[in-house]
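Peer 1: Read off the chains here:
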Amino acid sequence: MTINVHRRIYLIAKREVLRIATRPLYLFSMVIAPLFCYIFFTTLMWNGLPTDLPIGVVDLDNTSTTRNIIRNLDAFQQTKIVKHYDSFSAARKDMQKGNIYSFYLIPKGTTEKALASRQPTVSFYTNYSYLIAGSLLYKDQRTMSELAGGAIGRATLRAKGFTDDQAMAILQPIVIDSHALNNPWLNYSVYLSNTLIPGILMLLIFMTTIYSIGSELKQNTQKEWMGLANNSIYTALTGKMLPQTIIFFIMAVAYNMYLYGFLHYPCNSGIIPMLFMGLLLVVSSQAFGIFLFGSLTTMRYALSAAALWGVLSFSISGMSYPVMAMHPTLQGLAYLFPLRHYYLLYVNLALNGYPLIYAWESVVALLLFTLLPFIVIRHLNTVVTQYKYIP
Amino acid sequence: MGQLKDILREGFADTFYIWWEEIKNVFKDMGVLIFFIIVPLFYPLIYSFLYSNETVHDVPAAVVDNSHSSLSREFLRKVDATADIAIISHCSDMEEAELLMKETKVYGIILIPEDFSDNIARGEQAKVTIYSNMAGLLYYKAMLTATTNVSLDMNKKIKIERAGNTTNRQDEVSTTPLKYEDVSLYNPHNGFASFLIPAVLILIIQQTLLLGIGLAAGTARENNRFGDLIPMSSHYHGTMRIVLGKSMCYMMIYAIMAAYLVCVVPEIFGFVQVSQPFTLFVFMVPYILACIFFSMTCSIFIHHREACFLIFVCTSVPLLFISGISWPGTAIPPFWKVLSWIFPSTWGIRGFVAVNTMGATWSEIQEEYHILWLQTGIYFVTTCIVYRWQILSSERHLLDGESNKLG
Numbered sequence: 003m004t005i006n007v008h009r010r011i012y013l014i015a016k017r018e019v020l021r022i023a024t025r026p027l028y029l030f031s032m033v034i035a036p037l038f039c040y041i042f043f044t045t046l047m048w049n050g051l052p053t054d055l056p057i058g059v060v061d062l063d064n065t066s067t068t069r070n071i072i073r074n075l076d077a078f079q080q081t082k083i084v085k086h087y088d089s090f091s092a093a094r095k096d097m098q099k100g101n102i103y104s105f106y107l108i109p110k111g112t113t114e115k116a117l118a119s120r121q122p123t124v125s126f127y128t129n130y131s132y133l134i135a136g137s138l139l140y141k142d143q144r145t146m147s148e149l150a151g152g153a154i155g156r157a158t159l160r161a162k163g164f165t166d167d168q169a170m171a172i173l174q175p176i177v178i179d180s181h182a183l184n185n186p187w188l189n190y191s192v193y194l195s196n197t198l199i200p201g202i203l204m205l206l207i208f209m210t211t212i213y214s215i216g217s218e219l220k221q222n223t224q225k226e227w228m229g230l231a232n233n234s235i236y237t238a239l240t241g242k243m244l245p246q247t248i249i250f251f252i253m254a255v256a257y258n259m260y261l262y263g264f265l266h267y268p269c270n271s272g273i274i275p276m277l278f279m280g281l282l283l284v285v286s287s288q289a290f291g292i293f294l295f296g297s298l299t300t301m302r303y304a305l306s307a308a309a310l311w312g313v314l315s316f317s318i319s320g321m322s323y324p325v326m327a328m329h330p331t332l333q334g335l336a337y338l339f340p341l342r343h344y345y346l347l348y349v350n351l352a353l354n355g356y357p358l359i360y361a362w363e364s365v366v367a368l369l370l371f372t373l374l375p376f377i378v379i380r381h382l383n384t385v386v387t388q389y390k391y392i393p
Numbered sequence: 582m583g584q585l586k587d588i589l590r591e592g593f594a595d596t597f598y599i600w601w602e603e604i605k606n607v608f609k610d611m612g613v614l615i616f617f618i619i620v621p622l623f624y625p626l627i628y629s630f631l632y633s634n635e636t637v638h639d640v641p642a643a644v645v646d647n648s649h650s651s652l653s654r655e656f657l658r659k660v661d662a663t664a665d666i667a668i669i670s671h672c673s674d675m676e677e678a679e680l681l682m683k684e685t686k687v688y689g690i691i692l693i694p695e696d697f698s699d700n701i702a703r704g705e706q707a708k709v710t711i712y713s714n715m716a717g718l719l720y721y722k723a724m725l726t727a728t729t730n731v732s733l734d735m736n737k738k739i740k741i742e743r744a745g746n747t748t749n750r751q752d753e754v755s756t757t758p759l760k761y762e763d764v765s766l767y768n769p770h771n772g773f774a775s776f777l778i779p780a781v782l783i784l785i786i787q788q789t790l791l792l793g794i795g796l797a798a799g800t801a802r803e804n805n806r807f808g809d810l811i812p813m814s815s816h817y818h819g820t821m822r823i824v825l826g827k828s829m830c831y832m833m834i835y836a837i838m839a840a841y842l843v844c845v846v847p848e849i850f851g852f853v854q855v856s857q858p859f860t861l862f863v864f865m866v867p868y869i870l871a872c873i874f875f876s877m878t879c880s881i882f883i884h885h886r887e888a889c890f891l892i893f894v895c896t897s898v899p900l901l902f903i904s905g906i907s908w909p910g911t912a913i914p915p916f917w918k919v920l921s922w923i924f925p926s927t928w929g930i931r932g933f934v935a936v937n938t939m940g941a942t943w944s945e946i947q948e949e950y951h952i953l954w955l956q957t958g959i960y961f962v963t964t965c966i967v968y969r970w971q972i973l974s975s976e977r978h979l980l981d982g983e984s985n986k987l988g
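Each protein sequence line maps, in turn, to chains A and D.
When the first sequence is numbered by my numbering, its final residue is 393 and no position is left out of the sequence of numbers.
When the second sequence is numbered by my numbering, its final residue is 988 and no position is left out of the sequence of numbers.
Check the hints yourself; a few may be wrong.
What the hints assert, rightly or not - With a cut-off of at most 27 Å between alpha-carbon atoms, the simulated DSSO-like pairs for lysine-lysine come out as follows:
1) K738/D - K162/A
2) K760/D - K95/A
3) K659/D - K141/A
4) K162/A - K760/D
5) K220/A - K609/D
6) K708/D - K686/D
7) K918/D - K95/A
8) K115/A - K738/D
9) K708/D - K722/D
10) K82/A - K722/D
11) K740/D - K115/A
12) K82/A - K760/D
13) K760/D - K110/A
14) K115/A - K760/D
15) K141/A - K708/D
Unchecked claim - With the Cβ distance kept under 10 Å, some of the chain A side facing chain D (calculated, not the full set):
16) L107
17) A116
18) M209
19) Y213
Since the hints were made in silico from the structure, they are not lab data.
No residue lacks a Cβ here, since even glycine has one placed at the ideal position from N, Cα and C.
Could you build all of it, start to finish, from the sequences and the hints given here?
Peer 2: Have a look at this one:
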C-alpha cells in the first residue's frame, strides 16, 4: 500500500511536533525568547522619549537673572538639574563618573555684562559618548539659551512699545516649523522596537531551523525522517518546517498585534499587509536557515554563521545608522540581510502608509531569499542521507 | 603537616594538568576557536568599518519654493551648503515632492511659503516648514540641524540690516543680549562609531566567553558517558583545581584578545582613545575575570553543544540596550535596571567608556571597579558550587555504574 505525499507530510509534521514538544530548548527559542524580547524592548523604552535626564549647573555668577535661567532649564521635560557645582572641574569629574550627562556653565559677570550690553557668553558641555542623551539635552539647552537671550531682548523691545508678536518677528525673523512625519512624538520605541523585535525573531528562526535539521543528524535519526518522506528531501523538509512555520507565524502575528493593536504604534497601512510581511519574514528566514545548513553542512558552522549574520543585521539594516552613510561595499552587502528588506517594508507600509508598489523590490528580495534552499537542496540531500554528525 | 604539603603539590600539579587539557580542548575544537579567536578578531573590524563615517552627510532633500525670492534662494543655497543636507530636487508643488519621498529618493522636504519674503519685508515672522521621513532619527536630526542653523544665521543678518542707522554691533547686542556656545565633550564629531564601538568591544568579550565556554561545556558533557561535565579522571577530583585550571586557560587567551580589542581596534580606526594605560589595565582585569566566572556558572545549563547558540546569542542586543550606553541609564525602568546589575557587561561598558572615551581616572570609576571585583568573587563562588555539585553527581554516576555492573 502506498501512501500519498500529503499523508507523508502530515506524518513528518506530527513527528516534528512531538520533537518540539519534548525538548524545552524549542520552547525557549520559539516562544519564551521572542516573547521576552517583545516585552523587554517595549517596556525599556516605555516612555518613548527619556525624561528628566540628570544635568548639572556651574553658576559662577549666581544672580537672580542666572537663577531664573536655571529655573527655566529645569522646567523642560527632558532635563532635570540634579546638582550645582562650584567649579568646572568638579562638574567634569562628576560627568566622567556618569552622574550627569551635561552641565551648564554661567561665567562670573554674566548678568553685569548683559545689562551693560556687552553680550556675555554662556556655555553648555554635553557628553556625547552617550549619543542619545547628548542629542536630547543639546536640543533643550539650545532652545533654553535662545529663550533666555530672547527674554532679555523681548523685555527691551517691549519697553520700546512693540507687541509680543512684533517682538518675536524682530528677534526671530525666520522660524523653522518641523514635522516628524508619522512619529511626531519622536518616540524611540516606535523607531527602534519595530525593527529590533522582528530582527530578534529572525535570528531565532535562523538558528531554530538549523538546529532542528542538524539535530536529526546528531541524534542519528535522519534515516527514520527520510524514510517517512520516502527519501524525498522536498517532502522531508516541508513536513519538518511546516509546524515551525505555523508557530513562528503565530509569534509574528503576536508582535504585530502587540505593537499596532495594543501599544498603538503607527500602522498606516492597516494590519493586514503587515501580517503578510510577518509571514514573508518567517518563511524567508526559515529558507535562509536551510540555505546556511545546506551550504555549510556542519551544524556548528551553520549556527555560527547564522548567529553572526543575525546579530550583524541589526546594524546593517540601517534602522539606527542609515545605510547611505556606510561604505559603498557595505551598501551592497546590506541587500544580503533579510532584516534590511523587512525594515524597508515596515517603513513603507506601517510607518508611512505608502502603497506597497513603492517597496516592491524588498518583497521580491524576500521572495528570492525564500527560493535560496533550491540552490543547495541536492547537496542537502547528500548531507542528510550520507553524512555523519561531526561535533 | 606533610599531608597538607602533598595535597598542595598534587593540587598544583592537577591544576596545571587541567589547564593544559583545557588549552588542548580549546585549540582542538573549531567551534570554540571561532568564538575565542575568530569572532573577537574580525567582528569589531566589521562593526568599526560599518560606522566609520561616524555620521550621515548630505541627506537628500527636495524643496518646494513657493516664494521664488532672492531671500528664499539664499536660504536654500545655504541649506544645500551644509554638510547635513543635499538638495537634489526642486519641485513645483508638494505632490511632486511627496512622490519623491515615497520613492525614497529624498528623506525630507523643505517648504517655503509664498509669503516668505513679503513677511520678512513687512517685519512679520516668516515660517519655513520641513517634513522628515522618520525611518531613522538621523534624517530628522540632519534636516532640523541644517535648517535651524541656516535660519539663525540669516536671522542675525536680517536683524543687522534692519538696524539701519545705528551701529551694527549695538543692534546685534540689543536683540541677542546673551550668546551661547556648546561644547561637545569626548565625541567631537557627535559620531556613531565613537559612541557605540566602545560598548560593542566590551560586550564582545562577555558574549564570546559565554558562547565559547558554553560550547566547551556542552562538548564535555556529550563526550562523557553519563552526560556529565566533569571527566572521570583522577586529576578532576578537586573543585578548586578544576575551576582554577580552566579559568587560567581562558584568562590567558582573553588577556591577548582583550588587549587587541581595547588597544588595537580603536587605534586602527582612529576612535577616541584617551585612556591612561594603567587605569585601563587595572580595570580590565576584574572585568575579564568576572566574565569568565559568570560564563562558567552559566555553562552549567548547557547540556548540548548547540544549545548555547539558541540561548546566548539573542541576549546580545538586549544587553547592549540595558547597559545604559544607548538608552540613557536614568531612563531605564527600575526592574530592568536591577536585572542589568547581574551582568558584568553593564559595569564593564560603563567603566570602559569612562576610561577610554572620557579619560576618567582611577577615582572616577571606583563604583564600576569594585562591583566588578564583587561580581568576580560572587561568580567564583557560584562556579565552585556548581562544579562541586557536578563532581558529586559524576561520582554518583560512576558508583551507580559500578554497582550495576556488579549487580
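Peer 1: Find the hints from earlier in the document that the structure breaks and name them by number, from lowest to highest.
Peer 2: none
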